[in-house]
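Chemist: Sequence:
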Amino acid sequence: MKSIIIDKNDEKLELKAKKLYTKRHTIPLKLIDILILTETIEVTPKTILNITNANIPILFLSKDSKKIALTLPAISKNSELKAMQYKALEKNIIIAKRLIYEKIISHQESLKEFDININIENELAKLALCKDIDEIMGVEGAFARKYFGHYFSLFEKKLTKGYRSKNPPIDPINATLSYIYTLTYNSVTAKLYMRGFEPSISYLHTPFRNHFALSSDLMEPLRAKINNFVAKLFLDKILTTDDFTNKNGVYLKYNARTRLWSELKPFMDKLNKKLNKQIIQLKKDIIPNESNTKK
143 MKSIIIDKND
153 EKLELKAKKL
163 YTKRHTIPLK
173 LIDILILTET
183 IEVTPKTILN
193 ITNANIPILF
203 LSKDSKKIAL
213 TLPAISKNSE
223 LKAMQYKALE
233 KNIIIAKRLI
243 YEKIISHQES
253 LKEFDININI
263 ENELAKLALC
273 KDIDEIMGVE
283 GAFARKYFGH
293 YFSLFEKKLT
303 KGYRSKNPPI
313 DPINATLSYI
323 YTLTYNSVTA
333 KLYMRGFEPS
343 ISYLHTPFRN
353 HFALSSDLME
363 PLRAKINNFV
373 AKLFLDKILT
383 TDDFTNKNGV
393 YLKYNARTRL
403 WSELKPFMDK
413 LNKKLNKQII
423 QLKKDIIPNE
433 SNTKK
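Here the numbering used here runs 142 ahead of the position in the sequence shown, where the first position is 1.
Quick caveat, the hints were computed from the structure, so don't treat them as lab data. Positions of the beta carbon are idealized from the N, C-alpha and C atoms, including for glycine. Careful: at least some of the hints might be erroneous.
[As the list claims (entries may be wrong)] Listed next, with one range per pair, are the computed distances between beta-carbon atoms:
#1 337 x 195: 10 to 20 Å
#2 196 x 295: 44 to 54 Å
#3 353 x 215: 20 to 30 Å
Use the sequences and the hints to build the structure in full.
Modeler: Structural data, given as structure tokens:
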């Protein structure tokens, strides 16, 4: 998705003749796939309605980096695709194994960028023998602990406690991982919705309450790229401990987000290409003969 991020104090957003206007910029709607706004932006319900009527999802962020809301267009539903999603639940083990296989491979490759080599033969062998989702998630969980043990070794102790934490995050590395995971999760949800998928019909993760589990499914092979992006933010000193608050959890300060946005937008645009490949593969998993029917 082409992501447009608007995060300025006292900024006003207006829509005229299929163009968004701010005090500093004019952006044609045709250049936007998803619009990210912070609560500091002044925007009317009419403008929100017109933006979503142009089939552009809007992601709203709170100033304190703790709350996120996603507004989706009221587009027509693809009932045939959703019916095929349901039918494909019969082969959820096959799809789930593919996702975790790709996750393990991509995470191994990502650590090589930091000259860390891990053996994954044992994990792949166990994954091949899995007979249900619980067993698959068991392999994934054990691998994640092994992976993060190496990943967190990249950083100074003041940046991380050395293990994954969330709700709330307890250190700057975990805070940034969670923040970008959440942004990506909502972007994935928006793209699935716009492509006609039902984001709550999943093959690996279990849906609950307002959790769009299919978005979590597709994120698994993407997380390694996010992790490396976060690592480089700190290793290159783009973010430091001074950029975080520590009140009821560790969170990114508002003033530090400008530096994050300048790095995040090109990264998300690149990540979108990998997401598109995941969606294409998912559709092949659900509709095996789709490529033949198009010929």
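Chemist: For each hint given before, does the structure comply? Return the numbers of the non-compliant ones in rising order.
Modeler: none
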